[in-house]
Amino acid sequence: MSGAGMGVSAEADLLASLLAALRDDTGVQIVLGNPARLYDDETKAPAYPFARLEGHEVVDAGSSEVAGHAHTLTLAAYSQYGGRVEAREVLGALRVAAEAMGVTLSGQRIVLVLPIYSDVMRTRDRRRFRGVLRLRIVTEEAA
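Just so you know, we're using the working numbering here: the sequence shown kicks off at 1 and counts up by one.
Quick caveat, the hints were computed from the structure, so don't treat them as lab data. This one's a predicted model, so the numbers in the text were calculated from it and none came from an experiment. Here a beta-carbon is modelled for each residue, glycine too, at the ideal position from N, C-alpha and C. Treat the hints with caution; some may be incorrect.
Label pairs and their in silico Cβ distance ranges [to be verified]:
| # | residue 1 | residue 2 | range |
| --- | --- | --- | --- |
| 1 | A21 | R127 | 15 to 23 angstroms |
| 2 | Y81 | A142 | 40 to 48 angstroms |
| 3 | Y81 | A143 | 13 to 21 angstroms |
| 4 | T43 | L112 | 24 to 32 angstroms |
| 5 | D41 | G82 | 46 to 54 angstroms |
| 6 | P46 | L114 | 23 to 31 angstroms |
| 7 | A142 | G83 | 42 to 50 angstroms |
| 8 | G82 | S106 | 31 to 39 angstroms |
| 9 | D60 | D125 | 37 to 45 angstroms |
| 10 | A45 | R109 | 34 to 42 angstroms |
| 11 | D60 | G33 | 36 to 44 angstroms |
Whole structure, please, built from the sequences with the hints as guidance.
Structure (structure tokens):
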């Protein structure tokens, strides 16, 4: 999972920087409040609407000249009272903020931020909606 110069701390740095950038974004705060209700599972009973990081997969994406990784992050938006429309608004705000983020990482740089999947569906209890946004973020070791 980690190559030369790109260990677990580099993955944690990317994740912390991404969450901080999303939480600080004005568009995200409009739909998720201030402070933004975007969690990495810190709370068990958040107020609606909210978003949660649900997954972070990492694969090697380096070349013979530079170490790199492709991160696939899954963010989920939950809406109870605003329905499908609210869940889509949350996903849209998260996508725009991720594409525009300008974060500085230690020992690595972001090469690409690409939304690869987005959908909203009703939950099993039929009372809430869950939206999913998958982002691909490619990083490489900074020179």
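Consistency of the hints with the structure:
no.: 1; hint: A21 with R127: 15 to 23 angstroms; result: violated, 31 angstroms
no.: 2; hint: Y81 with A142: 40 to 48 angstroms; result: holds, 44 angstroms
no.: 3; hint: Y81 with A143: 13 to 21 angstroms; result: violated, 49 angstroms
no.: 4; hint: T43 with L112: 24 to 32 angstroms; result: holds, 31 angstroms
no.: 5; hint: D41 with G82: 46 to 54 angstroms; result: violated, 22 angstroms
no.: 6; hint: P46 with L114: 23 to 31 angstroms; result: holds, 28 angstroms
no.: 7; hint: A142 with G83: 42 to 50 angstroms; result: holds, 43 angstroms
no.: 8; hint: G82 with S106: 31 to 39 angstroms; result: holds, 38 angstroms
no.: 9; hint: D60 with D125: 37 to 45 angstroms; result: holds, 39 angstroms
no.: 10; hint: A45 with R109: 34 to 42 angstroms; result: holds, 38 angstroms
no.: 11; hint: D60 with G33: 36 to 44 angstroms; result: holds, 37 angstroms
Violated hints, listed in ascending order, are 1, 3, 5; each of the other numbered hints is respected by the structure.
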